[in-house]
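Given these sequences and hints, build the entire structure.
Residues per chain, in single letters:
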Amino acid sequence: MPKFLRATAAWRISIWTSLAFALGTALAFSIVYLVVAKAMQEHSDAWLSGEADVLARVSDDTPRDRLYNRVVGEVAELAAQELPDERNARGQRLNSVFFLELDPGGGQGSLWVGPGSKEPFQRAIDGATLAPDQPQSISVAGWPTTFRVVAHHDNGRTIYLGLSNRGTRFLLRKLTGRFLLLWGATVLMGFLVAYWSTRRTLLRVQSITDTVARLGSGDLAERLPEPVNADEISRLAQTFNHMLDRIQSSVNELRSVTDAVAHDLKSPVTSIRAALESALSNEPSEHSRDALCEAIEGLDRLLVLLNTTLDVAEAQAGALRLDRESVDLSGAIRQIIDLYQPALDQKQHTIELDLEDGVFIEADCHLMNRALTNLIENELAHLPAACRIAIRLSSKDGSAALTIQDNGPGFPPDIGARALERFVRGKHSQGHGLGLAFVDAVVRAHGGSARIGSGPSGGAVVSLSLPAKALQAAVR
Amino acid sequence: MRFLVVEDDIAIQGFLARALAEAGYQVDTASDARTGELKALEGIHDAFIIDLGLPDMDGLDLIIRWRSQGISAPVLILSARRSVDERVRGLEQGGDDYLTKPFALAELLARLRNLLRRSSTSQTDPLRLQAADLQIDLVRHEARRGDHLLQLTPQEFALLEYLCRNAGRVVTRTMILDHVWRMRIDPATNVVDVHIYRLRSKVDQNALIPLIHTIRGVGYVLKNA
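Here the protein sequences line up with chains Y and B, keeping their order. Under my numbering, think of the first position of the first sequence as 915, with each following residue one higher. Under my numbering, think of the first position of the second sequence as 34, with each following residue one higher.
Quick caveat, the hints were computed from the structure, so don't treat them as lab data. For every residue, glycine included, the Cβ atom is placed at its ideal position computed from N, Cα and C. Take the hints with a grain of salt, since some may be wrong.
Coverage of chain B stretches by chain Y, computed from C-beta distances (three or more under 8 Å per stretch; other residues unrestricted) [stated by the list, open to error]:
(1) 35-47
(2) 209-222
(3) 244-257
Label pairs and their in silico Cβ distance ranges [claimed, not checked]:
(4) Y:S1164 x B:G201: 49 to 59 Å
(5) B:G201 x Y:S1363: 48 to 58 Å
(6) B:R173 x Y:A1127: 28 to 38 Å
(7) B:M90 x Y:D1268: 44 to 54 Å
(8) B:E55 x Y:D1268: 23 to 33 Å
(9) B:G47 x Y:S1363: 43 to 53 Å
(10) B:R98 x Y:H1280: 24 to 34 Å
(11) Y:A1127 x B:R198: 41 to 51 Å
(12) B:R146 x Y:G1367: 43 to 53 Å
(13) B:S234 x Y:T1123: 56 to 66 Å
(14) B:R173 x Y:A1174: 46 to 56 Å
(15) B:R198 x Y:G1367: 38 to 48 Å
(16) B:S234 x Y:H1280: 24 to 34 Å
Right, here's the structure in full:
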């Protein structure tokens, strides 16, 4: 069975409903079977008792002469022929009847009318204890089916009349066979219908899931189709659309607020910066030159802080605008290490790279670069000199795993797992506590997750997990 | 060279006009899209500097409108938005450029020069670059200071090449990151300074005259004294 089939709810639902249906019908059939079997036995028992009476009377009325055996024998034969003439494929009669009269005191011995010799029958009757006039099933050596036998004691004689159960069994077998055939067919039909209808329904749910997943944090304009018939799934789609309307309006509101904040702050900063720059170009004194430079550098830092704060706010609200393209993660990391190598060398850090090639993600290249540089800058800012930083990238089951591990002092215990939150930073940190919050927000906006922890021998570990694209064979 | 600045913020408009005039360009200004369009239709400008958030029209729509009217001079877009719109990036591929506020004047001038160079087709890529006694052979990937062959890593070579192409003009850290590493990031650490420091130790160490100079608060310049 293919794996994709087992994973679908339609498959499981149809299996369970079919199983329940099969069990229920099988139970119903068993009850019918028992009732029919009982009715048939009662029918043959009634016949046996009646015929035994008749034969006993005939035996009483017939004088015990030479013709006795013939007369009683004929009557017994006729009785057997009263039964419907059921024959099997080979022409053998199915209702085998035997008649045995034992006369322990009479000189006639016994009278036997029946198929074959009487010995096995007599042995079987002797072996069983038969209550008078109570039909009972006994098995006879050499016969595959049991016989229903009634004993009738009368005037010192005993009459045994037996009827093979073969006919009953044949009928019941035929019944069971037909049932099994029909049962199999209906269960199969039921399964197919159940699978088809649940699959159809669940495919609509699947399309809702696909659409909502595609929406992600990017374009929120898409809406689910709302079918005209107002069943549960249409209502689900409607509810989703209403929710999307609300999310879209709050996201748009947040974006316009952050844009307004950015615009209102940046325009004056631009003017101030330009004024400082032009003052700087007019050959100022050494003292005012330093002050001007510090003012410009301060402004630039302020802007970076402002931008990052707004980005983190947007990303945490799922309102970050992503311009997705295919990004080669190992290539991006190598490029960033290339940029930071001298800065890392300066602090005597060593870098160990263990990067799997050909891991592609659908990401906003600029945001991802900023997130990755934040991780390296974090190491540069917090590690003492001469540490080892290991960067590992691997992909498994459609997700890319990136871990950055160092052998430094690790995250301060007072921060713990809150290092990914906004404005959380260590006591001795020079940063704003935005770097890792930004990384977390960007990774989340791309449908991934970020975790921090400590390595086996201390040191900080940051692990990112991002949904990877299927490997591109052409690229490898 | 004559530019048109369409910007509603009077302070920014004023210093842009001053800075461009100081750099030797002629400048016209407009405070809204309507006035801007009237001036642009005169057809005398070599480039436009347009703010995205104009009071009467979105800057992008204005550019699209101008293009349909046959106004084809390159545009430098100024944006106060934080994330750069895909449509703006699209324009970048179409030969225009963008700059986010606030910006260093040096970067604005550099981007303008770049735009003008791209729009004039006669310019061919040089095979050699020269500044004072520094010579860069772009074909053989070799840099010499006088007779001395400099041992440079590929990134150091790319950095020196970029500085030399802009010899005499200030380049900012953002411009270096954008052009040499193709990354638009705002590092909080001195990552670019470390690269410059290393490069300087190789280029200027045994020379009488230093070539690579730091302009505090702005960036770097490669020039003869």
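Exercise. What are the numbers of the hints the structure violates, in ascending order?
Worked result: 6 and 8
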